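Number of protein chains: 2
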Amino acid sequence: MKVKSKVWIEEDGIPVFGEGREYLLELIDTHGSINKAASSLGISYRKAWSYIKTMEETLKIPLVERSKGGIGGGGSRLTGEARSFLIRFERLCKGIDEIVNERFKTIFK
Amino acid sequence: MKVKSKVWIEEDGIPVFGEGREYLLELIDTHGSINKAASSLGISYRKAWSYIKTMEETLKIPLVERSKGGIGGGGSRLTGEARSFLIRFERLCKGIDEIVNERFKTIFK
Numbered sequence: 001m002k003v004k005s006k007v008w009i010e011e012d013g014i015p016v017f018g019e020g021r022e023y024l025l026e027l028i029d030t031h032g033s034i035n036k037a038a039s040s041l042g043i044s045y046r047k048a049w050s051y052i053k054t055m056e057e058t059l060k061i062p063l064v065e066r067s068k069g070g071i072g073g074g075g076s077r078l079t080g081e082a083r084s085f086l087i088r089f090e091r092l093c094k095g096i097d098e099i100v101n102e103r104f105k106t107i108f109k
Numbered sequence: 110m111k112v113k114s115k116v117w118i119e120e121d122g123i124p125v126f127g128e129g130r131e132y133l134l135e136l137i138d139t140h141g142s143i144n145k146a147a148s149s150l151g152i153s154y155r156k157a158w159s160y161i162k163t164m165e166e167t168l169k170i171p172l173v174e175r176s177k178g179g180i181g182g183g184g185s186r187l188t189g190e191a192r193s194f195l196i197r198f199e200r201l202c203k204g205i206d207e208i209v210n211e212r213f214k215t216i217f218k
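Going down the list, the protein sequences come from chains S and U. Last residue of the first sequence: 109 in the working numbering, with the numbers rising by one and none dropped. Last residue of the second sequence: 218 in the working numbering, with the numbers rising by one and none dropped.
These aren't lab readings, by the way, just hints derived from the structure by calculation. None of these values were measured; they are calculated from a predicted model. Virtual Cβ for every residue (Gly too), placed ideally from N, Cα, C. Worth double-checking, as some hints may not be accurate.
As the list claims (entries may be wrong) - Here's a subset of chain U near chain S, in silico, CB distances under 7 Å, partners left out: (1) Lys111; (2) Val112; (3) Ser114; (4) Lys115; (5) Val116; (6) Trp117; (7) Leu136; (8) Leu195; (9) Ile196; (10) Glu199; (11) Arg200; (12) Leu201; (13) Lys218.
So here's chain S without its partners, still in its complex pose (with noise of 0.2 Å):
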């Protein structure tokens, strides 16, 4: 047996940020790209462009922005806010699975 634990973010009950888009845009910062971003999730280039628009009505803040073609032609980047966000949502999350965990080992075994 195995404690699992989980946070997210909702807005008027519609979950808006959690593990999994913290993820996508931690692989378009790797990248540098919302397509190879994608494809390593496994997810349509549609799709992540669709989870990147919701997220950025919904918290009102720009998160994703083209950066300007150069040697090897442009790609997307993250914005400021979108790493204020992530370094926010990182802290939020930050030591959660660790207390569960402690619990866990205390009280069931």
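Let chain S serve as the given structure and place chain U on it in line with the hints.
Just chain U now, kept in the frame of chain S:
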């Protein structure tokens, strides 16, 4: 925006106990009947029964027993093991929501 959190138990990567099944057991306790508990959850008796059987097999403890018929006939009730499990699960989850809410207020507002 609101923050939400959830704690559950898995066995071999498969969820075996969380809020939903906790609620099912609590309803069986309240109604003294699997059938009434299932109705009030809007699921079939068969479905409720299969949840209980799977939990009993995975957790390796008896959870529900038939009580002897008396005035008003028999029914179902939780075993001592089920009660003990519920109490431990409650202790596991206790205050996690509050921690997450408190942090959310500090970090996001």
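### Query
Of the hints stated earlier, which fail here?
7, 8, 9, 10, 13
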